[in-house]
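*Asks:* Take a look at the letters that make up each chain.
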Amino acid sequence: DVKVTQSSRYLVKRTGEKVFLECVQDMDHENMFWYRQDPGLGLRLIYFSYDVKMKEKGDIPEGYSVSREKKERFSLILESASTNQTSMYLCASSLWSGMNTEAFFGQGTRLTVV
Amino acid sequence: AQSVAQPEDQVNVAEGNPLTVKCTYSVSGNPYLFWYVQYPNRGLQFLLKYITGDNLVKGSYGFEAEFNKSQTSFHLKKPSALVSDSALYFCAVRDSGTSGTYKYIFGTGTRLKVLA
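Chains A and B are the protein sequences, given in the same order.
Quick note: the first sequence uses the numbering used here, first residue 10, plus one each step.
Quick note: the second sequence uses the numbering used here, first residue 61, plus one each step.
Everything labelled a hint here was simulated from the structure, so no lab data went into it.
These numbers come from a predicted model, not from an experiment.
The beta-carbon is built from N, C-alpha and C at its ideal position, and this holds for glycine as well.
One thing to keep in mind: the hints can contain errors.
Said to hold, decoys possible - If you only want the chain A side, here are some residues facing chain B, beta carbon under 8 Å, derived:
| no. | residue |
| --- | --- |
| 1 | GLY51 |
| 2 | LEU52 |
| 3 | PHE57 |
| 4 | TYR59 |
| 5 | GLY67 |
| 6 | PHE113 |
| 7 | PHE114 |
To be verified - Computed beta-carbon distance windows for the label pairs:
| no. | chain 1 | residue 1 | chain 2 | residue 2 | range |
| --- | --- | --- | --- | --- | --- |
| 8 | A | LYS66 | B | TYR99 | 25 to 35 Å |
| 9 | A | GLU88 | B | SER140 | 42 to 52 Å |
| 10 | B | ASP69 | A | ASN93 | 40 to 50 Å |
| 11 | A | PRO48 | B | GLN131 | 26 to 36 Å |
| 12 | A | ASP47 | B | SER88 | 25 to 35 Å |
Let's have the full structure, built from the sequences with the hints guiding it.
*Replies:* Put into structure tokens, the structure is as follows:
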């Protein structure tokens with residue numbers, strides 16, 4: 010079974026703090042993704058990565074950055090947390106190609122910025 | 061750009077009745093379509109996918125989905141709903157990015173409530 014693990018289930022941070030959300034997958038997937046989920050808005054893509062050190066902006070990259078130094082690990086960084094970044098953050102991974110192309114998700118990190 | 065729409069925020073169905081959760085899509089080329097389920101405070105779980113082949117796709121927990129190219133729809137169905145099916149359901153499409161990459165575009169979700 011594919012396992013995608015996010016480092017925290019719940020986080021509370023103060024405005025202005027630098028926040029790191031970590032994600033690790035154990036299936037040697039090339040692609041990794043960070044989404045945020047807000048009621049009524051569904052899942053919105055923040056950033057994704059298709060290889061080590063490679064990244065692409067998603068639909069809402071402002072205020073975020075990412076790091077992928079190893080294939081299995083994809084980090085999301087909030088440079089200076091703000092209250093409008095309070096949300097559920099979901100990490101996912103998938104194969105680069107082939108028929109088994111579905112994404113697998115971590116359990117989510119619910120971040121509250123106060 | 062690719063997109064998916066889930067026209068219903070919530071669907072209510074009585075236990076034992078058939079259920080349908082609707083999804084329509086807009087893509088260029090052949091669509092790769094997916095359904096996911098989310099239980100409270102959890103990540104998304106993959107249910108089923110359509111890549112090619114038979115228009116009726118079977119997935120986990122007795123769910124199935126019907127791909128209809130002419131109506132650009134990919135509705136999720138189950139013949140007999142269970143209370144435990146109550147959850148948030150997302151439809152998604154795979155979208156090509158730059159440099160041969162791809163990403164997933166999700167609908168806004170439909171909350172399914174199965175009433176005992």
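*Asks:* Let's test the interface hint: is any C-beta of chain B closer than 8 Å to that of TYR59 of chain A?
*Replies:* Holds, because the Cβ-Cβ distance from TYR59 of chain A to chain B comes to roughly 5 Å (cut-off 8 Å).
*Asks:* Assuming the hint says 26 to 36 Å, is it satisfied by the Cβ distance from PRO48 of chain A to GLN131 of chain B or not?
*Replies:* holds (28 Å)
*Asks:* Are PHE113 of chain A and chain B close enough, Cβ to Cβ, to be under 8 Å, as the hint says?
*Replies:* Where the cut-off is 8 Å and the nearest Cβ of chain B is about 7 Å from PHE113 of chain A, the hint holds.
*Asks:* Was the hint right that GLY51 of chain A lines chain B, CB cutoff 8 Å?
*Replies:* GLY51 of chain A check passes; min Cβ-Cβ to chain B is 4 Å, inside 8 Å.
*Asks:* With respect to the beta-carbon atoms only, verify the hint that GLU88 of chain A and SER140 of chain B lie 42 to 52 Å apart.
*Replies:* Distance hint for GLU88 of chain A, SER140 of chain B holds at roughly 50 Å.
*Asks:* Would you check whether PHE57 of chain A satisfies its interface hint, that is, whether its CB is within less than 8 Å of any CB in chain B?
*Replies:* With a minimum Cβ separation of about 5 Å from chain B (threshold 8 Å), the hint on PHE57 of chain A holds.
*Asks:* Confirm or reject the claim that ASP69 of chain B and ASN93 of chain A have a C-beta distance inside 40 to 50 Å.
*Replies:* Violated: the Cβ-Cβ distance is about 23 Å, outside 40 to 50 Å.
*Asks:* Would you settle whether the hint for GLY67 of chain A is holds or violated, based on the nearest Cβ-Cβ distance to chain B being less than 8 Å?
*Replies:* This hint holds: GLY67 of chain A lies near chain B, its Cβ roughly 7 Å from the closest one there, short of 8 Å.
*Asks:* Do the numbers back the hint for PHE114 of chain A, that is, is its least Cβ distance to chain B under 8 Å?
*Replies:* With a minimum Cβ separation of about 4 Å from chain B (threshold 8 Å), the hint on PHE114 of chain A holds.
*Asks:* If I claimed the Cβ atoms of ASP47 of chain A and SER88 of chain B lie 25 to 35 Å apart, would that claim hold in this structure?
*Replies:* This hint holds: roughly 28 Å between Cβ atoms.
*Asks:* Using the Cβ atoms, figure out if LYS66 of chain A sits within 25 to 35 Å of TYR99 of chain B.
*Replies:* holds (30 Å)
*Asks:* Taking 8 Å as the limit, does the beta-carbon of LEU52 of chain A come near enough to a beta-carbon in chain B?
*Replies:* Hint on LEU52 of chain A: holds, closest Cβ of chain B at ~4 Å, below 8 Å.
The earlier numbered hint that this structure contradicts is number 10, and it is the only one.
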